[in-house]
Amino acid sequence: MSARPLLAPREGTPPLLRTPEEFRHAAHALARGRGPFAVDTERASAYRYDDRVFLLQVRRRGAGTFLFAPEGHRAELREALSPVLDGAQWVLHAAPSDLPSLLALGLRPGSLFDTELASRLAGFERVNLASMTEELCGYTLAKGHGAEDWSTTPLPQEWLAYAALDVETLLDLAETLTEILDQQGKLSWLEQDCAALIATTALPQRRWTALKGLGRLHHPADRARARALWRAREELAKRTDAAPGTLLPDKVLLAIATDPPTHAGHLWKVPGYSRRYDEHNHTWMEALRQARALDPAEYPPAPAPPRIPGHSRWAQVAPAAAAVLDEAKEAFRLHSEELGTPMENLLRPKIMRAVIWEAVEEQRLHDSADLRAALGKRGARPWQQDLAAAVLGPLLW
Numbered sequence: 001m002s003a004r005p006l007l008a009p010r011e012g013t014p015p016l017l018r019t020p021e022e023f024r025h026a027a028h029a030l031a032r033g034r035g036p037f038a039v040d041t042e043r044a045s046a047y048r049y050d051d052r053v054f055l056l057q058v059r060r061r062g063a064g065t066f067l068f069a070p071e072g073h074r075a076e077l078r079e080a081l082s083p084v085l086d087g088a089q090w091v092l093h094a095a096p097s098d099l100p101s102l103l104a105l106g107l108r109p110g111s112l113f114d115t116e117l118a119s120r121l122a123g124f125e126r127v128n129l130a131s132m133t134e135e136l137c138g139y140t141l142a143k144g145h146g147a148e149d150w151s152t153t154p155l156p157q158e159w160l161a162y163a164a165l166d167v168e169t170l171l172d173l174a175e176t177l178t179e180i181l182d183q184q185g186k187l188s189w190l191e192q193d194c195a196a197l198i199a200t201t202a203l204p205q206r207r208w209t210a211l212k213g214l215g216r217l218h219h220p221a222d223r224a225r226a227r228a229l230w231r232a233r234e235e236l237a238k239r240t241d242a243a244p245g246t247l248l249p250d251k252v253l254l255a256i257a258t259d260p261p262t263h264a265g266h267l268w269k270v271p272g273y274s275r276r277y278d279e280h281n282h283t284w285m286e287a288l289r290q291a292r293a294l295d296p297a298e299y300p301p302a303p304a305p306p307r308i309p310g311h312s313r314w315a316q317v318a319p320a321a322a323a324v325l326d327e328a329k330e331a332f333r334l335h336s337e338e339l340g341t342p343m344e345n346l347l348r349p350k351i352m353r354a355v356i357w358e359a360v361e362e363q364r365l366h367d368s369a370d371l372r373a374a375l376g377k378r379g380a381r382p383w384q385q386d387l388a389a390a391v392l393g394p395l396l397w
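So the sequence shown is numbered by the working numbering: it starts at 1 and just counts up by one.
Derived by calculation from the structure, the hints in this document are not laboratory data. For every residue, glycine included, the Cβ atom is placed at its ideal position computed from N, Cα and C. One or more hints might be untrue.
What the hints assert, rightly or not - 20 Å max Cα-Cα, derived EDC-like pairs, lysine to aspartate or glutamate:
1) Lys329 / Asp250
2) Lys238 / Asp250
3) Lys212 / Asp51
4) Lys238 / Asp259
5) Lys269 / Asp295
6) Lys212 / Glu191
7) Lys238 / Glu71
To be verified - For each label pair, taking beta carbons as the anchor points, the in silico distance ranges come out as:
8) Pro309 / Gly12: 54 to 62 Å
9) His282 / Pro342: 26 to 34 Å
10) Pro220 / Arg126: 53 to 61 Å
11) His366 / Ala31: 52 to 60 Å
12) Glu191 / His219: 25 to 33 Å
13) Lys143 / Ala75: 32 to 40 Å
14) Ala3 / Gly87: 49 to 57 Å
15) Asn128 / Glu191: 39 to 47 Å
16) Gly87 / Gln205: 19 to 27 Å
17) Glu179 / Ala390: 24 to 32 Å
18) Gly106 / Arg289: 22 to 30 Å
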């Protein structure tokens with residue numbers, strides 16, 4: 001039977017709630033519902049300074065779907081919803097993208113069911129919400145507004161319908177996936193993974209060292225200029241509530257830092273520089289002036305070389321570890337096929353490489369107990385520790 005199109009919420013598109021009084025009424029209605037809460041957010045980080053929530057969607061059986069507009073009343077929204085949502089079970093799709101912004105809003109789940117993660121563990125190939133809803137719920141969802149500027153006011157009705165649909169079938173999807181994972185013996189895997197997500201989610205941090213491509217800058221003076229430009233861009237972006245990359249993209253920022261112009265007119269020689277970025281040329285030049293005035297002792301140090309070299313070099317610098325890594329990859333590939341779960345969900349490649357290096361090259365791991373401890377220290381869940389110990393142990397000792 002072919003999937004049926006779901007172009008609008010079956011109960012109608014709910015109104016957008018903007019005031020503290022509306023927040024309180026909605027919170028009371030949600031409190032009277034039953035079961036877990038389906039939660040989703042729409043944000044505007046491509047347009048605004050940060051990744052804050054501009055639309056919050058919440059659905060609960062017996063209560064319905066509610067759409068909240070937090071801007072201007074974030075504290076009041078937290079006061080209304082926190083007593084109802086905090087500590088409860090939430091259902092989200094791709095929770096890592098939403099949880100930090102929800103935490104910034106002052107909301108945190110007690111337990112979590114991530115339908116995207118559940119879909120991966122269960123072995124589905126296409127795990128986006130639309131595909132999974134069609135596969136397991138029999139509906140095709142309306143598409144096309146995920147990348148919109150959700151800070152727009154007023155939000156078009158078509159966008160609100162799209163947003164409401166994101167939580168429309170989420171609870172049904174979670175129930176079906178629960179049954180599938182239970183039958184596969186993987187439900188505890190999901191529970192452990194979701195508990196780890198809650199425990200490790202933190203408020204978003206903004207650091208200049210997160211500049212994409214910064215690793216290519218090795219000279220301390222170049223890094224000092226990059227830091228100064230980042231700080232100037234950050235201050236400007238915050239003041240104007242603009243996405244930093246729209247003011248000066250990372251690639252252009254690093255190009256300026258690497259080959260700094262002596263006056264504003266030379267900025268046009270920088271690859272990728274345009275009129276849009278030149279609107280703030282005085283800001284960029286002032287940042288360069290400040291960096292130039294620094295004592296070299298104030299330059300940020302070059303990053304220390306990693307303790308574990310890149311795995312592409314292992315064959316040359318650590319052939320024994322490289323051989324074990326190749327065997328481990330093949331063993332995990334076979335387990336992945338047998339279990340129907342992607343390799344990276346069985347054990348993150350970075351963790352696999354780290355414990356192999358410690359065991360083979362550094363001789364710091366001597367048995368399965370050491371291995372499990374090292375895996376746990378790096379964030380592997382108990383179920384992953386069990387699997388990895390069974391797979392890696394015979395290859396290491």
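Now for the hints, and whether the structure bears them out:
1. Lys329 / Asp250: 34 Å, violated
2. Lys238 / Asp250: The hint holds at about 16 Å.
3. Lys212 / Asp51: 18 Å, holds
4. Lys238 / Asp259: 26 Å, violated
5. Lys269 / Asp295: Judged against 20 Å, a Cα distance of about 27 Å means the pair is violated.
6. Lys212 / Glu191: Outside the cut-off at roughly 33 Å; violated.
7. Lys238 / Glu71: 16 Å, holds
8. Pro309 / Gly12: 54 to 62 Å: At roughly 58 Å between Cβ atoms, Gly12 and Pro309 fall inside 54 to 62 Å, so the hint holds.
9. His282 / Pro342: 26 to 34 Å: Violated, at about 49 Å.
10. Pro220 / Arg126: 53 to 61 Å: 47 Å, violated
11. His366 / Ala31: 52 to 60 Å: Distance hint for His366, Ala31 holds at roughly 54 Å.
12. Glu191 / His219: 25 to 33 Å: Violated, since Glu191 and His219 (Cβ atoms, about 48 Å apart) do not stay within the stated range.
13. Lys143 / Ala75: 32 to 40 Å: Holds, since Lys143 and Ala75 (Cβ atoms, about 34 Å apart) stay within the stated range.
14. Ala3 / Gly87: 49 to 57 Å: The hinted range 49 to 57 Å is violated for Ala3 and Gly87, with Cβ atoms some 35 Å apart.
15. Asn128 / Glu191: 39 to 47 Å: 23 Å, violated
16. Gly87 / Gln205: 19 to 27 Å: Roughly 25 Å apart at Cβ, these two residues keep to the hinted range, so it holds.
17. Glu179 / Ala390: 24 to 32 Å: Holds: the Cβ-Cβ distance is about 27 Å, inside 24 to 32 Å.
18. Gly106 / Arg289: 22 to 30 Å: For Arg289 against Gly106, whose Cβ atoms are near 40 Å apart, the range 22 to 30 Å is violated.
Hint compliance for this structure: hints 1, 4, 5, 6, 9, 10, 12, 14, 15 and 18 are not met, and every other hint is.
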